[in-house]
Amino acid sequence: MEQRALMAEPIIDERVIAACQQGDRDAFGLLFDSYKDKVFSIAVYSFGGDQAAASDVSQQIFLKLMTNIVQFRGDSAFTTWLYRMVVNTCIDEQRKRSRFLPSGESIPMSKVADRRGPEKHYAKREVTDCVQAAIQELKPKLRLPILLKYVEGLSYEEIANVLSCSKGTVASRLNRGHQALARKLDHLRGEVVLGD
Amino acid sequence: MFSQHVAKDLSAYCNGETAGEHSRRIAEHLIACNRCRRQFEEIKLGVKLAEQLPQLSAPDSLRLDLQVQLDAAGTLAKESRPVVFKRKKVSRRKFTFRNWRLAPVAAVLLLITGIGALYFYPRPSLPFWEVVRLNGSPRIASSPIEEKGRLALGQWLETDGSSRAQIDVGSIGQVEIDPNTRVRLVTARPTEHRLELARGKMSARIWAPPRLFFVDTPSAVAADLGCAYTLEVDDNGAGLLHVTMGWVALQLKDKESMVPAGASCATRPGIGPGTPYFEDASYPFRLALSKFDFEPDDKSWSIIPTLDVLLGQARPRDSLTLWHLLPRVQGTDRERVYDRLAVLVAAPDEVTREGVLQLNEQMLQRWRDKMETTWTGESQLHKTVGLWIRAVGEVRGLAR
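Heads up: the sequence lines are chains A and B, in that order.
Each residue of the first sequence is one higher than the one before, starting from 217 at the first, in my numbering.
Each residue of the second sequence is one higher than the one before, starting from 98 at the first, in my numbering.
Only chain B is shown next, with the shape it has when bound in the complex (with noise of 0.2 Å):
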């Protein structure tokens, strides 16, 4: 596999230029191939940028000077005659009628030639995802489907309190619809997979290059960096992340959590993402912590400060959750921080106090580099190799 990169073939994979069991076969040699896949990062932000790109209007007085130019030139290469042309001309010159009383009859004409027109107009075919049901009723644009269907771009799946349905994201993965969601297909394109979720729950099952799948919802976007998912909204637009294979990153404007297998998020519109938290954390780190995200102000919870709850009760594990707080917290908090986590995972010995206080990006990715390796209980190798192997599984399934 390695012996075959596909750079070469990356534009054209992310121009949709590529047919589907190719296309299936570059996605999976990007998911082994950290050399193609840096490659393919850097096509695809080329790609972004040159979607930049307007067509643009011509100035008006390109008409009049191509004009004057004929009318210098004076001559055209059949007729030798002078060429004038007039905008309007063709229409007045066609539809003048001689004979007044056949105006009734033309505009019944005019008109069933237009309705037809309008009927038979092949229109072009917008993106759509195949939905497969799964039980009861989906319904995609207020339409039941019958054993399968088609969502466009734009339309809303919809399942009630019995129905379930599953998508096909292109050829890069599946998400399963619980009942009582309601979900919208937001973009279709090589370089970028969206989905909105407005409310209920969704399971995602992803085998492509990060951050091609996307999921908005009412309060943080989710973007999938290679992994197995589910994500719930309620009815007032908060949300529950859990990540069962990979990472997702959950993010809003300028606030980011990082959700490693086996860890959850919660999301509240008008603040975004929480801080992730695995799930096997004591149930007062994880009650603190949700007073720390949401309600800071409430103080009737505990006795004991909430920041003093989740420095005392953390694990080498919870460091996850340590060290998304460090940019979180100010001044003596995030000293406090830094010396517990310090306890927990001993920083490299190039990374030092004040750098991690000043948040200093290098020294903050080196230190959770060596973090990871509590978080997972596996090395690096190991992980992304696990995640291979299943990520082929499933694309070899998907191929039978």
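Next comes chain A alone, as it looks inside the complex (with noise of 0.2 Å):
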């Protein structure tokens, strides 16, 4: 799981997604590579950085994306449309997959993160391994708005509208998930507050 290198990014315009409309394999193309990782890094963190899971669950989006981008009449923002996708597409697959498995099943980032854990003295990337986890055990509603906002660099005001919700809400649960990321990692205090 690399992470991702600064590159430029082709621009997704209304032609772009007209011709999606239309059926053109190569806008979708561009489409794809514009999104790809977005879209699978916001599914890795749903599913506890089960990598399988995720890559399901990314095609499962990008088809309904291609079978329903038809739909799309430009009453809101493309990426606040498909971001809407996304999270509904995560939330119900994750109600799917609760039913079949045992609870704590779905959270190996966390072992990955404990396996590592004897060691004391946390380089950046034990410091990152221990947030993934964290954010893992989040609530969907307090971890959505952190990955949107963090992972996605989405406004508060973009959120809202994904989350189908009023900003002062976004801000309220960014508030809870704050306190709790640093709840559960105080210890890290001294590994990110100072950067140093």
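You may find that some hints are simply not true.
Unchecked claim - Result set (DSBU-like, lysine-lysine): computed pairs, CA atoms no more than 30 Å apart in a straight line:
#, chain 1, residue 1, chain 2, residue 2
1, A, K400, A, K355
2, A, K355, B, K105
3, B, K388, B, K467
4, A, K383, B, K105
To be verified - Only some residues are given here: those of chain A computed to face chain B with a beta carbon under 7 Å:
#, residue
5, V343
6, I362
7, Y366
8, R405
9, V408
Derived from the structure by calculation, the hints contain no laboratory data.
Think of the CB as a built atom: it goes at the ideal place given N, C-alpha and C, for glycine as much as any other residue.
Put the two chains together into one complex, using the hints given.
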């Protein structure tokens, strides 16, 4: 699982979307390249680092995207429409899986972090692993605003549009999410606060 | 003010989602309200942790798997035909020339278009701080500024022998840059404001909650704890901090010196912060401390051992220095420092000799709390109120 390398992303404008709506296969390829990392990231964090599950869900999302894009009317930004689909698909899939998997089976990321636990001096990688594990343990309504804010870089207003709630609700959920993270990972304070 | 707590706005404040005037009101409230400040520290930590989350790369197999799924599905909503997307098909098809004589013309057009795109492409604006010229010709990124300028992330601000400048640190304070000084803007985020002082002298007045404003020097990091101070760095990277209001922490790795108003602390490259001292301490005391911190092998300056001079010259107010010395000496020297400290400021009942000699953090903190009244001559309440009044005065002055 590599971290994203900085690269120029193709610009998805209304012409590309219109081409997708006409069934242009190259336009779909462009759309896929633009959003595959974003979609996959949310899926991975939503499924506790389980890459196989994340890949399955990402495929579902892109299939839905291709079949439903004709319904996109431009009433909201395309990214809002897409992220709404991503969030809803992840939540639906989690619900389905929770019926069949015993509790705790879907959080291998925590286990990875735990195996590295005995070391007292956390390098940046260990900090990242711990944060990923802690994110996994948050309830979806606290986890999703954090992912949309920090992984996808959305503003409060954009998050509110994706989650169909008010900006105040986004602020409130982020407050609770930040506090929950801080309480779980207070022992990492020295690793991240000063950063010197 | 205390009736309007700002807890619900703290994440938005940390994420830069609050407007300028509202941000200022939140900062003002945080200075005065312990409850909200505690929550702010917690949320700030949560923000810093969340910022560690990277965006991940999808595996290459995702494209192939999707392709298989599409082949199986076999239809597309509108055209009812299989969708096969290929990575490079667009470029191959669109850039095929039938008449190769047109190629040079097309190349020139492409070049012109490329240069034009580079020139007009809207670049994301970097964070910046406003700079006001006070004297002479301060330079930002080697270009002299007029009356005002902007110091962007990563840029250096330099003054020569006759120029001075003032930097507005976001909405949380001001820094005056003296002549012959070189500073760089390192970080400008609501949760962290950071300058690098390579050489010269700067004076900071900060009215924000603790540990939001940092100054990197070649030999230590100065962390603001709600205060005013001057910091200077010479050409060798050695530094000197002088605090005029509140507190500043000087740090290098796990070595930290807490410096209150009226006190100073020197730093040296490779050594970090020395031991803080009050400037009204005796000259032999200050000289001995300098030798202790930075030239421990120099025995030529006095026939009396350095530690003996320090213990002999120490007044109750110099318990600031002796308290910092406790973890910096070993064995019998630590016992001697403890005994002298106990004479200058009696240890509280719950603080034991054994606990202090073992550097029990809670006991050291309790004893320090008691010593603080001798360091400032004020109670904690007076100190907090005084700090608040000055800070609010500064904020209102700025607002006008």
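Results for each hint:
{"no.": "1", "hint": "K400/A <-> K355/A", "in the structure": "holds (14 Å)"}
{"no.": "2", "hint": "K355/A <-> K105/B", "in the structure": "holds (19 Å)"}
{"no.": "3", "hint": "K388/B <-> K467/B", "in the structure": "holds (28 Å)"}
{"no.": "4", "hint": "K383/A <-> K105/B", "in the structure": "holds (12 Å)"}
{"no.": "5", "hint": "V343", "in the structure": "holds (6 Å)"}
{"no.": "6", "hint": "I362", "in the structure": "holds (5 Å)"}
{"no.": "7", "hint": "Y366", "in the structure": "holds (5 Å)"}
{"no.": "8", "hint": "R405", "in the structure": "holds (6 Å)"}
{"no.": "9", "hint": "V408", "in the structure": "holds (4 Å)"}
Going through the hint list in order, the structure satisfies each hint without exception.
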